[in-house]
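Below are the chains, spelled out letter by letter.
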Amino acid sequence: GENVEQHPSTLSVQEGDSAVIKCTYSDSASNYFPWYKQELGKRPQLIIDIRSNVGEKKDQRIAVTLNKTAKHFSLHITETQPEDSAVYFCAAGSGTYKYIFGTGTRLKVLA
Amino acid sequence: SAVISQKPSRDICQRGTSLTIQCQVDSQVTMMFWYRQQPGQSLTLIATANQGSEATYESGFVIDKFPISRPNLTFSTLTVSNMSPEDSSIYLCSVGDPGRAGGYEQYFGPGTRLTVT
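Chains as they are written, first to last, in the working numbering: chain A, -18 to 92; chain B, 76 to 192.
So that you can see chain A by itself, here it is in the shape it has in the complex (with noise of 0.2 Å):
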């Protein structure tokens, strides 16, 4: 069945700098990619989210690029701070808009 992989399961960085999270999915029908911040004891929070026809989205400090040809899609978050530290989930949703969610990145930002 469908599914999407999601690397890596744990991520620390320094405060400042980069951190990078990777999804992988199998479905070809898959045309809309969020991005979810999960603070521990929260609800998932929807941060970004890019749909197939574009290639990168940008906010602020986040963006998401999407490789529709190697089914690849990614969150980059620059110059990190200690409140971004949350496990993030990535997910891909078609037109019978049901989810399938990666299995999470807990990324933890130093200070």
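No lab work stands behind these hints: they were computed from the structure.
Treat the hints with care, since some could be wrong.
Cross-link-like lysine-lysine pairs, in silico, DSBU-like; alpha carbons within 35 Å at most [as the list claims (entries may be wrong)]: (1) Lys18/A with Lys52/A; (2) Lys18/A with Lys3/A; (3) Lys52/A with Lys82/B; (4) Lys18/A with Lys39/A; (5) Lys38/A with Lys3/A; (6) Lys39/A with Lys3/A; (7) Lys49/A with Lys39/A; (8) Lys89/A with Lys18/A; (9) Lys140/B with Lys38/A; (10) Lys82/B with Lys140/B; (11) Lys38/A with Lys52/A; (12) Lys39/A with Lys89/A; (13) Lys3/A with Lys49/A; (14) Lys82/B with Lys89/A; (15) Lys82/B with Lys23/A; (16) Lys18/A with Lys82/B; (17) Lys49/A with Lys82/B; (18) Lys89/A with Lys79/A; (19) Lys38/A with Lys89/A; (20) Lys82/B with Lys79/A; (21) Lys18/A with Lys49/A.
In silico negatives: residues of chain B with every beta carbon more than 10 Å from chain A [stated by the list, open to error]: (22) Cys88; (23) Asp101; (24) Ser117; (25) Thr119; (26) Gln126; (27) Gly127; (28) Phe136; (29) Lys140; (30) Arg145; (31) Pro146; (32) Leu189; (33) Thr190.
Source: prediction; values computed, not measured.
No residue lacks a Cβ here, since even glycine has one placed at the ideal position from N, Cα and C.
Use these hints to put chain B onto chain A, whose structure you have.
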């Protein structure tokens, strides 16, 4: 985005009993979903709650175990039936509205943390 609430926020239940979780949205939404998030794990879709008809369940989830109601466009319930310790998890509802949100965004409720003893 819509304001989503869930009740209860947490509960501790005895095995063999059932718990009904409520999800309330402050505006009408087209799509409502129920997810399970086991400790330290990702989110797994249980079912899509359909207004006025039976929910659409994902592989591995059945109506007898997870009956779902959706009487209108702002409310849904998920029941976890005949619970066992393996049902201990966080249950989250999410909503999406193609017409308002552009087609695909989903927003999550705060979750219900269930512990089965």
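Now for the hints, and whether the structure bears them out:
{"no.": "1", "hint": "Lys18/A with Lys52/A", "result": "holds (22 Å)"}
{"no.": "2", "hint": "Lys18/A with Lys3/A", "result": "holds (14 Å)"}
{"no.": "3", "hint": "Lys52/A with Lys82/B", "result": "violated (38 Å)"}
{"no.": "4", "hint": "Lys18/A with Lys39/A", "result": "holds (16 Å)"}
{"no.": "5", "hint": "Lys38/A with Lys3/A", "result": "holds (15 Å)"}
{"no.": "6", "hint": "Lys39/A with Lys3/A", "result": "holds (16 Å)"}
{"no.": "7", "hint": "Lys49/A with Lys39/A", "result": "holds (18 Å)"}
{"no.": "8", "hint": "Lys89/A with Lys18/A", "result": "holds (13 Å)"}
{"no.": "9", "hint": "Lys140/B with Lys38/A", "result": "violated (41 Å)"}
{"no.": "10", "hint": "Lys82/B with Lys140/B", "result": "holds (19 Å)"}
{"no.": "11", "hint": "Lys38/A with Lys52/A", "result": "holds (16 Å)"}
{"no.": "12", "hint": "Lys39/A with Lys89/A", "result": "holds (22 Å)"}
{"no.": "13", "hint": "Lys3/A with Lys49/A", "result": "holds (13 Å)"}
{"no.": "14", "hint": "Lys82/B with Lys89/A", "result": "holds (31 Å)"}
{"no.": "15", "hint": "Lys82/B with Lys23/A", "result": "holds (15 Å)"}
{"no.": "16", "hint": "Lys18/A with Lys82/B", "result": "holds (22 Å)"}
{"no.": "17", "hint": "Lys49/A with Lys82/B", "result": "violated (40 Å)"}
{"no.": "18", "hint": "Lys89/A with Lys79/A", "result": "holds (29 Å)"}
{"no.": "19", "hint": "Lys38/A with Lys89/A", "result": "holds (23 Å)"}
{"no.": "20", "hint": "Lys82/B with Lys79/A", "result": "holds (24 Å)"}
{"no.": "21", "hint": "Lys18/A with Lys49/A", "result": "holds (23 Å)"}
{"no.": "22", "hint": "Cys88", "result": "holds (20 Å)"}
{"no.": "23", "hint": "Asp101", "result": "holds (15 Å)"}
{"no.": "24", "hint": "Ser117", "result": "violated (5 Å)"}
{"no.": "25", "hint": "Thr119", "result": "violated (8 Å)"}
{"no.": "26", "hint": "Gln126", "result": "holds (14 Å)"}
{"no.": "27", "hint": "Gly127", "result": "holds (17 Å)"}
{"no.": "28", "hint": "Phe136", "result": "holds (13 Å)"}
{"no.": "29", "hint": "Lys140", "result": "holds (20 Å)"}
{"no.": "30", "hint": "Arg145", "result": "holds (15 Å)"}
{"no.": "31", "hint": "Pro146", "result": "holds (20 Å)"}
{"no.": "32", "hint": "Leu189", "result": "holds (15 Å)"}
{"no.": "33", "hint": "Thr190", "result": "holds (14 Å)"}
Violated hints, in rising order: 3, 9, 17, 24 and 25; the structure is consistent with all others.
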